[in-house]
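So the protein lines, in turn, are chains A and B.
111 is the number of the first residue of the first sequence in the numbering used here; add one for each residue after it.
50 is the number of the first residue of the second sequence in the numbering used here; add one for each residue after it.
Note that these hints are calculated values from the structure, not bench results.
Every residue gets a Cβ at the ideal spot worked out from N, C-alpha and C, and that includes glycine.
Since no wrong hints were added, every one of them can be taken at face value.
Short, incomplete list of chain A residues facing chain B, as computed with Cβ under 7 Å:
hint, residue
1, ALA191
2, VAL195
3, VAL222
4, ILE225
5, LEU229
6, LEU230
7, TRP287
8, VAL339
9, ILE354
10, VAL355
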Amino acid sequence: MVGRARFAFTVLCFGYAFLYVPIALVIAYSFNASRLVTVWAGFSLHWWQALLHNEAMLSAAWLSLRIALVSATLSTLLGLAAGYVLARVPRFPGRMLFGSLVIAPMVMPEVVMGISMLLLFVGSQQFLGGPDRGFLTIVIGHTTFSLSFVAIVVQARLADFDRSLEEAAMDLGATPWTTFRTVTLPLIAPALGSGWLLAFTLSLDDLIMTQFVAGAATQTLPMRVYSSVRLGVDPQINVLATIIVAVAAAALIVSVRLTRR
Amino acid sequence: MGRKSAAGDLTMRAVIALPFAWLILFFLLPSALVLAIALGTNAPDAAPPVELGWSLANFGLLFTDDLYVAAWLSSLRIAATSTLAALLLGYPMAYAIARTRPERRPLLLMLVVLPFWTSFLIRVYAWMGLLAENGILNQVLRWSGLAAHPGTILGTEWAVHLGIVYGYLPFMVLPLYATLEKLDWSLLEAAADLGARPIAAFFTVTLPLSLPGIVAGCLMVFIPAVGEFVIPDLLGGTGTLMIGKVLWDEFFTNADWPIASAVAICLLVLLVGPIALFQRQQARSLERR
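Kindly produce the complete structure, drawing on both the sequences and the hints.
Written as structure tokens, this is what we have:
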């Protein structure tokens, strides 16, 4: 028994070290005085100041935040509808197709989704004259892959709870809409909250779909980070990484609180 | 009453129609477009640079040109070995978490999931500083005297493997934990009472019972790994061929849309088997609830 406990302890130490040492090093080197990301030259907030004055990076971050807000909200609404249908409507024409269409974006390689979405927008521009590539096309792209994740979370939550609560409300004369609003919605609210957060994170972090559908004039935060990182390590990216990890940790704690309630 | 239910019916129809229409318009239709473009030919002077047609030449090229065949095979190989490595690391972790005291498990699980909530791009970037020629790993190796002239890992297939295991480890651990957590541990005690050594009990009881988790975890790593672009681009070198990167280069560097579309179709064909398996498992696990 002691041997087994020691084995578990060793495995977990190694596993978590593997997961966290690279992140910890990135954070530590955001406070490095040297330009070289690999040589420690003393503590400094130089790169933090540099990032806070990096207009291009800040405006890209602002754009990414706006895109993530809109697409997370849109995909939560669509994902709620899709998840509800999957869990509660067993039969309608095209049910099979509907089911596979909801899951497919989760497993579709992103490069494939990116190229197909771009071809759609190029086609619509040819034949319909719009939309111009930029904010709107990125929101549509992000919503399309995020809504699947929200739908799965909602469906799982709906499958978990007792259906008789909804049936009781209906028996007492509530319309389906009233039942949904007063019984179903409060029960799945935590799932909706964590689904929204997931969609928000996916959108904020997306590079591939965005690169395809963004057009020439639009640069989101991951696009900026990618073009900077391609040229090698950059201390300002370390600062950005530190901020992202701090925000993600906070968001995760909120999300865990939401789902546990 | 009749009017009310008619209105309810209409609402229900809208609830079905909205996501359905969205997915048809923005997922199904674009996928069909990729196939249409793949059958066309490259027209560099036109905008967009495509001439529609019914030519299978692009697909022919994919099977005859060594570059594509090599990229195809090495994507499969790299994804498969990385998935195996992630399983070998993820299984003991999931097992250890499932066997700790219940009140500790949420925190341990949260620590597995947290990296997923940070930026994927940043996590790949973290390895660039670690694995570079004068990176932190090599400095540690030199300083400790383990290797006076360590080679460079960045830019090799090793770095790509590391990146995939690192990036997708949470996807391996979570489904494994989900099956191991539900495992009836008294079966193991029964095996021990009947004289099975711990190793034998593991291979005859625990492993077979956790097979659904193993399959789900492996698919969740393997499927995205095959089409991965960011990891081979940032951590791999010029010699690392992966199909996702080939597609990207054909599209953005060579502006050859029909070939890029044909590569996309081939990538999908490659993944049809694993994806169908994954969908069947998803459906089954939802039925079991």
